[in-house]
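Undergrad: Sequence:
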Amino acid sequence: MSDTAPPTPVIATADDAGQRTDRFMANAVESLSRSRVKSLMESGHLLRNGSPLRDPAEPVRAGMCYEIHIPPAIPTTPQGQDIALDILYEDRDLIVLDKPAGMVVHPAPGNEDGTLVNALLAHCGEGLTGIGGERRPGIVHRLDKDTSGIMVAAKTEMAHQALSLAFAERRIDRAYQAVCWGIPTPASGSFDGAIGRDRRDRKRMAVIANGGGKVALTHYRVLDTFHGGLAHVECRLATGRTHQIRVHFAHAGHALVGDPVYLRRIPAAARGLPPMAKDAALDFPRQALHARRLGFAHPRTGEQMLFETAPPEDFRHLLSGIA
1 MSDTAPPTPV
11 IATADDAGQR
21 TDRFMANAVE
31 SLSRSRVKSL
41 MESGHLLRNG
51 SPLRDPAEPV
61 RAGMCYEIHI
71 PPAIPTTPQG
81 QDIALDILYE
91 DRDLIVLDKP
101 AGMVVHPAPG
111 NEDGTLVNAL
121 LAHCGEGLTG
131 IGGERRPGIV
141 HRLDKDTSGI
151 MVAAKTEMAH
161 QALSLAFAER
171 RIDRAYQAVC
181 WGIPTPASGS
191 FDGAIGRDRR
201 DRKRMAVIAN
211 GGGKVALTHY
221 RVLDTFHGGL
231 AHVECRLATG
241 RTHQIRVHFA
251 HAGHALVGDP
261 VYLRRIPAAA
271 RGLPPMAKDA
281 ALDFPRQALH
291 ARRLGFAHPR
301 TGEQMLFETA
311 PPEDFRHLLS
321 GIA
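For the sequence shown, the UniProt record's numbering gives the first residue as 1, with consecutive numbering after it.
Hints in this document: simulated from the structure, not taken from any laboratory. Where a beta carbon is used, it is the ideal one built from N, C-alpha and C, also for glycine. Each hint should be verified, as a subset may be incorrect.
Have a look at the derived ranges for each label pair, beta carbon to beta carbon [to be verified]:
| id | residue 1 | residue 2 | range |
| --- | --- | --- | --- |
| 1 | Ala57 | Gly272 | 23 to 33 Å |
| 2 | Arg61 | Asp279 | 46 to 56 Å |
| 3 | Gln304 | Glu157 | 48 to 58 Å |
| 4 | Leu88 | Glu157 | 17 to 27 Å |
| 5 | Arg300 | Ala323 | 42 to 52 Å |
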């Protein structure tokens, strides 16, 4: 059975009953390993009497019809897609753009297309494919899917190496705007806490005490406050760890408005807000975070380049709604 072969129905007998479904199907379809069957099941590709069965440990039932559908192989190299880009600057070496919230930067399981990489491949041409790795050509840094703002991508290998080094050596000028719960005190300061994988939830990051995390430093400044329960802040990164701003603010008790990962309950700061401001903050559908400023030395000319953008419409609407 190949990745393009049609599914072969397998009827379970009384002798098959009771064993794990993944083991049963791996024995029935010799070309598939048990781990491959398990992965396909968890992705919804095994049907039992026409309905998806996702639990590999589910006991087999006699008389049931099992079918495993193998999806077509996904190309290792992403394909170009005609997706509009908000381009701020472009030359032969690099492209600077304003990424919208909701766009994933590079393909990954669950987001195989519709990404910034797909858009860049269509815009820049096939020459981009060999720069920086198969799955993320041209990418030298990233923003989370639901974070909006300025990014730079490389169009040549020289630019990729130079920009990657600049990010690694912290020679990049980066500033963000965010809206958080509560009022950080003092009005300007720094969050200094090593960041690593949350030991209780590997999908989250956390401030890690007693070693194990990577050094992370975020400088912040309060721009405005609202009703004693919300703050509009500017953040500057001295390091660039995964989810750094979101993790540092949540750890300090000031999770970002709308954060789906680090804000898991209605914060106490919401209690004192006027109803309209409270609703505007609680209903905001993404983390309120925008990469407002990006500065760097051009990798070919050495010219200092600086780009700034205003927050997008939804962010501005949030600010007006909580005022």
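Undergrad: Give a verdict on every hint.
TA: Going through the hints against the structure:
For Ala57 paired with Gly272, a C-beta distance near 48 Å fails the hint of 23 to 33 Å. A hinted range of 46 to 56 Å holds for the C-beta pair Arg61 and Asp279, which are about 49 Å apart. One distance hint, 48 to 58 Å for the beta-carbon pair Gln304 and Glu157, is violated here, with the actual separation near 22 Å. For Leu88 paired with Glu157, a C-beta distance near 22 Å keeps the hint of 17 to 27 Å intact.
With their beta carbons about 44 Å apart, Arg300 and Ala323 fall inside the hinted range of 42 to 52 Å.
Of the hints listed earlier, those the structure fails to meet are numbers 1, 3, in rising order.
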